[in-house]
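S.K.: Note that the protein sequences, when read in sequence, are chains A and B. The first sequence: position 194 = 194 (my numbering), numbered continuously. Residues are numbered in my numbering as their position in the second sequence, beginning at 1, plus a constant of 1000.
There's no promise every hint is true.
[Said to hold, decoys possible] So these bits of chain B aren't anywhere near chain A, every CB distance computed over 10 Å: (1) Tyr1029; (2) Leu1046; (3) Ile1056; (4) Leu1062; (5) Ala1075; (6) Val1079; (7) Arg1091; (8) Gly1094; (9) Trp1115; (10) Phe1133; (11) Pro1145; (12) Arg1146.
[To be verified] Cross-link-like lysine to any residue pairs, in silico, SDA-like; alpha carbons within 25 Å at most: (13) Lys165/A / Pro388/A; (14) Lys165/A / Ile1017/B; (15) Lys165/A / Arg1002/B; (16) Lys165/A / Arg1003/B; (17) Lys165/A / Leu1048/B; (18) Lys165/A / Trp1117/B.
Source of the hints: derived by calculation from the structure; they are not laboratory data. Glycine included, each C-beta is placed from N, C-alpha and C at the ideal position.
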Amino acid sequence: MGTWEGLLTGLSFALQPGVLIYCLLGVLLGTFVGVLPGIGAMAAISLLLPITYYISAEAALIMLAGVYYGAQYGGAVASILMRLPGTPQSAVTALDGYPMAREGRAGPALFAAMVSSFAGSIIGIVVLVMLAGWLSRIAVAFGAADYAAMMVLGLVAASTIGSAKPAKGFAMIVLGMLLGCIGTDVNSGAMRYTFGQTELLDGVNLVALAMGLFGVAEVIGNVRDPERQAVARRIGFRQLAPTRDDLKRMAFPTLRGSGLGSFFGALPGTGSTLSSFLSYAMERRIARRPDRFGQGAIEGVAGPEAANNSASITAFVPTLTLGIPGDPIMALMLGALVIHGVQPGPMMLDARPEMFWGLVASFGIGNLLLLILNLPLIGIWVALLRIPFRWLYPAILIFICLGVYSVRGLTYDIVSVAVIGLAGYLLALARFSPALLLLGFVLGPLIETNVRRALLISRGDPMVFIERPISAAFVVAIACLLVLSAVQVVQRRRKGVPVD
Amino acid sequence: MRRDWADIFGGFALASIGVAATGWAWVHYDLGSLRQMGPGAFPVALGLMLTAFGLIVAVPGLRRAGAAMSFEPWAALAVLAAILVFGLGLRPLGLVLASFAGVLVASLPAPHRGWAWRLCLAAIVTVLTLLVFRAGLNMSLPLWPRGL
Chain A
1 MGTWEGLLTG LSFALQPGVL IYCLLGVLLG TFVGVLPGIG AMAAISLLLP ITYYISAEAA
61 LIMLAGVYYG AQYGGAVASI LMRLPGTPQS AVTALDGYPM AREGRAGPAL FAAMVSSFAG
121 SIIGIVVLVM LAGWLSRIAV AFGAADYAAM MVLGLVAAST IGSAKPAKGF AMIVLGMLLG
181 CIGTDVNSGA MRYTFGQTEL LDGVNLVALA MGLFGVAEVI GNVRDPERQA VARRIGFRQL
241 APTRDDLKRM AFPTLRGSGL GSFFGALPGT GSTLSSFLSY AMERRIARRP DRFGQGAIEG
301 VAGPEAANNS ASITAFVPTL TLGIPGDPIM ALMLGALVIH GVQPGPMMLD ARPEMFWGLV
361 ASFGIGNLLL LILNLPLIGI WVALLRIPFR WLYPAILIFI CLGVYSVRGL TYDIVSVAVI
421 GLAGYLLALA RFSPALLLLG FVLGPLIETN VRRALLISRG DPMVFIERPI SAAFVVAIAC
481 LLVLSAVQVV QRRRKGVPVD
Chain B
1001 MRRDWADIFG GFALASIGVA ATGWAWVHYD LGSLRQMGPG AFPVALGLML TAFGLIVAVP
1061 GLRRAGAAMS FEPWAALAVL AAILVFGLGL RPLGLVLASF AGVLVASLPA PHRGWAWRLC
1121 LAAIVTVLTL LVFRAGLNMS LPLWPRGL
């Protein structure tokens, strides 16, 4: 199917009222949780997972994706007005957005965040369409060894890049993979780590795991936080207008950020948080007056916002064309698809054109909705910032319980959410990343299947991972990453820089 | 002497999970060969790796100061209790009483005094739950205690 034909199919699918409503619901809910401190996109997507049982796989994917990129719009609002990033991706936005708001320029900062997010998404969509077609043609040649090596690369990249203590990341990934082993072994039918509990035969429930780690743990961590005040109490549509100088300063950072984000988003294991940090660093380096950064430079808002939005779109490339999620949120998306019996892979573009092209079209529609809704609705989002967390979290907890109960109707699952939530809270206290655990949990079984298949084909010869050119390239990349991060850790120790 | 308790506790806890997982898999599951891996091969390998990474995290923490952890035992206890009250109460008590009680327990550690807002919140959340899960999603759940 050609690109234009595909886009038309996608548009006509995504514009059906029954699908459009989920797109709208997704982006609104995403903005909502992005604005609210204390719950992020991960928690919202895990909360929605059980609800997707009631709708088609395509609509589910469109809605969950809407929550993801909608949360980034919302996260920027909280970052700029309260220096309290609603999502990790928008942490960078606070660096210059918050100083702008304190100078009384909250309006232009919000405008810059929204418009550059929109531009970044559109560029991301173009890159997604080009890359997906190309990659799914190549991916047909991928064998089991190549898949396994690529997934390991994704895991290594996710735990080393931008991390001061890679060992903690690795530990989380391995723990996640171990949890992924629980249940019936697909190859032999043996039951692993089930300890006689029939509820565990299908493995740890993804919905319970995600809700415990991201819903319950985040709630516990935020319950006793003192309530914060936003800098600007009321912002209307009128105050958003930027000056001509603002517009000129925004243009190139937005373009550069989008390019950077589209590239890093598509790589496995990097993703949107890294792209927004990189974009900020790049803008500061090439700026004529780097001293303005941190004091309210609009470039520092526009670039990272464009970067994280384009990255969140291109992150779907490996997920949809290879069936390999590059970051934890994509792992949840993949989980949602698997729940619906859809296994993404190179064939999906042809086998389920509505799914791929419908999603692509929904990105465009959703971002347009966000832009035209959020500019006039900004007053409402700002008002939402003032809702204290104590009014929200009891409801979140009840919804988590009912959501996880609705999947199988088992009280067992509610109790396991409590246990997982406690574990997740303790892990977060000790500064271990629960997101990496989830990534390992989803990728672990896939890696195991592919490694076992590759070794079966090669008659037990482990050289198969270096003999095949594709997998050899991934192995080299893994080795480079490991060496690089080891060097960094040693350097940091020598300098005596406090880690963390 | 100050130590990095986060890394020490976390690392040793993970290492002991690793040891347990390796041991259990070693004893109970077939390892197989490289050519035909058994169900035990991956768990054993992962367990060993977890042990190693756990120790790599924990041991340096013994000789270095770390940032303090802000453990909130009451928040954790109340949230977990709320989930258990709701979860275990759902079938015998019905949706209405279970949500009401769950919200009340959950709201205990919130940094705001008084009972009026807690009761009010519990009522609102109960109504919302009924609207979303009973009316909206049509889940079959008992509303009231059995026998009523």
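S.K.: Each hint should be assessed against the structure and marked as holding or not.
M.R.: Right, here's what the structure says about each hint:
no.	hint	in the structure
1	Tyr1029	6 Å, violated
2	Leu1046	5 Å, violated
3	Ile1056	4 Å, violated
4	Leu1062	15 Å, holds
5	Ala1075	4 Å, violated
6	Val1079	5 Å, violated
7	Arg1091	7 Å, violated
8	Gly1094	13 Å, holds
9	Trp1115	13 Å, holds
10	Phe1133	5 Å, violated
11	Pro1145	16 Å, holds
12	Arg1146	15 Å, holds
13	Lys165/A / Pro388/A	34 Å, violated
14	Lys165/A / Ile1017/B	20 Å, holds
15	Lys165/A / Arg1002/B	19 Å, holds
16	Lys165/A / Arg1003/B	16 Å, holds
17	Lys165/A / Leu1048/B	19 Å, holds
18	Lys165/A / Trp1117/B	43 Å, violated
Hints 1, 2, 3, 5, 6, 7, 10, 13, 18 from the earlier list are contradicted by this structure; the remaining hints agree with it.
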